[in-house]
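Chain residues, written in single-letter form:
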Amino acid sequence: MLSYVVRRLLLALPALLGLVFLTFVLSRVIPGDPAATLAGDAATPAQLAEIRAQYGLDRPILEQAVIHIRQVLTGDFGRSVFSGRPVAEEIGQRLPATLELTFAALFLSTILGIPLGLLAAVNHNGPVDHLVRLLSVGGLAMASFWLAIMLQLVFSMDLDILPLRGRVDVEIGMPPWRTGLVLIDSLLAGRLDMFWDGLLHLVLPAVTLCLPGLATIARFTRSGVLETLQKDFVLYARAAGYGRVRLNAIYVLRNAVNMVVTQIGLLFGALISGAVAVEAIFDWPGLGTYAVQAILSADYKALLAVTLVVGVVYAVVNVLVDVAQALIDPRVAEDAR
Amino acid sequence: MGFRRLRAAILAAALGVVATPALAQQQRPMVWGDSLPATLDPHAIFDVPSQFVLLNAYDGLYRYQGNPPDLRPWLAESHTTSADGLSWEFTLRAGIKFQDGSEMTAEDVVYSFRRLLSMNRAPAAAFSPVLRPENVTATGPRTVRFVLSSPYAPFLSAIPLVAIVNPRVLAQHTVNNDWGAAWLASNSAGSGAYRIDPATYQARVSMDMTRFADHFLGWGHNQRPIEQVRSRPVMETSTRVLALLRGEIDATDSYLPTDQVERVERNNRTRVARDESMRVFIIRMNNRKPPFDNRDARLCFAHAFNYEGFNNTILRGLVVRNGSPNPNNLWGNPPDLQPYTYDLALARQHCDRARAAGAPLDREIEVHVQNELEQTVQAAQMYQADLRRVGVNLRIVPNTWAGITGATGRAESTPDMWVHWVSTYFVDPENWIGQMYDSQFHGTWKASSWYSNAEVDTLLRRARASLDQAERQTLYQQATRLVVADSPDIWVYNTLNLRGLSRRVQGYQFSPVGSGGEMRLMSLAN
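Chains as they are written, first to last, in our numbering: chain H, 1 to 337; chain W, 1 to 526.
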């Protein structure tokens, strides 16, 4: 198993290197001048030229790309041209917020999507199946920014039961920083008030973000279960007298879920990109809003670092998914040898 | 049970405490929902958000307050100017303390200006053409002398741009002769009325400030000063407005969309502060690129914009028509100046004349808008429809501020047209007509129409050098007449700043410099 994991990790390296190079070139050919951002509103052409020289922005793009890759390999992401602060430090502040939101959404998608898909399959073409299909299509079709605003209007403004924006209440504040994840840090600090406050703030963004994932997982679970139900072993199990619930929940689901696990890996990437809109509307200070601000201010150093960090997280999650698949179905690891 | 009561109950249960009367009396912090600047270093950047840090965490020798803005002695109690306008001497008040308790001296002012000029970032642009670091000297413990290389009348107007920093604090954090810039990007070293808590600072996300009780002006003017300020910029407009209505923030930014004004005013917990600012909305034309190198073509465009429709219908009359580069409420405008009117028949005549002279009005014209600023898009869309009626094809190109200003360094890369505002950096016609239409500023975004007129250059340079206010007024009026007649750009309106405020915010005082973000003047009602 260890060699399988190492092999998967090594395969991710060239992809990440390509990602760094490609995003660098793209970020430097799109319109926008980082020097203009850095210099501020009242800068003169001479000041802009000085900044370009200072940051190496006046060198050929390929030379800049090589320098950048060399810096990244030593763990140096440079300084943000917007704030002048180390990009690694800024990302370190933002990443936990996005991970907390994304994992919460993934968790909701999974724990709701799999049972819904299973229910739909075992009630094939019945009312439950139609209802789940309706929910799935709606979940995939609904624009997240629209849903986010609707949830805000209903649950924050009208019912006044959930917070509108942010990660924590301004009067309660953040727990002492350990992991950057509010829920975990507040528990580590023994602050149940902060935990509860953080949880309430997480509800609306996580629900908004989870919906497309939930729909996807429900659809894949449904089709996987339907396919599995046609297999001979299910017929034999039924003949052997296995109960319906035990058969479906354990044997059928385990055989059907492999495809769903692959989807969860792919979904993670979609959730991170979906987080951009959700973070902006819920004022969630994560990587999504950071990336948007970096684009608007032509902060290419920040943008490159965000892309790479998301790429790394995505690669790691997919390796974890591969491992999970191999654990569920040992034939996967065997086939990969 | 509402969310707040539910939360309070859970809080009490979790903490195992019962709220005491003292706790109930505790002032909820002011939550300020306006933008934060890119960096906290007041010498590294100068834009509208950075004025918030400048006004609260720092002090300058002079400060603008009120509307119309009045330049008042601040750290300086007075100043003198030599007859030739080259030497300026400022006298500091006695007993000014930095936030670390050390006393401010003239040497600290010298250090601050030398730091500004040596770093040579945006706020230095107003001084660097006429002031060298070595020409700022302390002539006594409380007197500072500035010797300019040439007379520069807007010098005093630009003085409030410069924050006085504490060199003793910066010395502890200076690395590789960087003037402490890396450290000051996320910390503060000033004497201002509020102290920034660096532990809570997160760029673009949050900044907490606590009242500095020993501020040199004291707090006698304010019976209930705000103790804690939490700056929490809200990115999305809709969320910002909802957060205000719900009481999560006490103030929005000062660009509340006009379609939200009524909604905010209807709520019994909120109001809208409306103040005429000095922020001119402009559609630029690149005068170096055909067809805009032809005056008739420019006049065609000037008459094809529906000023009344845009200002009164789209913006619901919450702006003031402004027909020249300077804001209406600033001195230096000719009193009899007539702004261009929306007249498609006249526009057609000018377009026909331009075409006859060979101006390529049939080519597609690009107008770059700042996609995140809705008004720039709305103006372009309306303009597109009207221009089509005079046979001009306008293409709207979504862009960003950084994208556009990065391209304005050269005439070839400057867009055909683009839409933006010119805000108040300092209160002098130099900030508008001076830096927009004197050809010596070509290459800056402010002068991105690439307008060139030798007579205008002469008038603006004479106005810049003269210390006689009456003469300056006349020179700017003459220059404005010439510029408006040449129609290098389309001046649309002067902004009415609209800031959504919680009704518990008292003492809010707008000034075009800083947009009313001076916390020292405000208090919070129970």
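Keep in mind the hints are simulated off the structure, nothing from the lab. You may find that some hints are simply not true.
[Said to hold, decoys possible] Here are some of the chain H residues that sit facing chain W, going by a computed Cβ distance under 10 angstroms:
id, residue
1, Asp33
2, Glu63
3, Val81
4, Ala237
5, Arg238
Where is the CB? At the ideal position from N, CA and C, for every residue including glycine.
Against the structure, the hints come out as follows:
For the restraint placing Asp33 of chain H at the interface with chain W, the shortest Cβ-Cβ distance is roughly 2 angstroms, inside the 10 angstroms limit, so the hint holds. The beta carbon of Glu63 of chain H is not positioned within 10 angstroms of any beta carbon in chain W (closest approach about 20 angstroms), and the interface hint is therefore violated. Taking 10 angstroms as the C-beta contact cut-off toward chain W, the hint placing Val81 of chain H at the interface holds, the least distance being around 9 angstroms. Here the hint on Ala237 of chain H is broken, as its CB sits about 48 angstroms from the closest CB of chain W, past 10 angstroms.
Given hint, Arg238 of chain H at the interface with chain W, is violated; its Cβ is 49 angstroms from that chain's nearest Cβ, farther than 10 angstroms.
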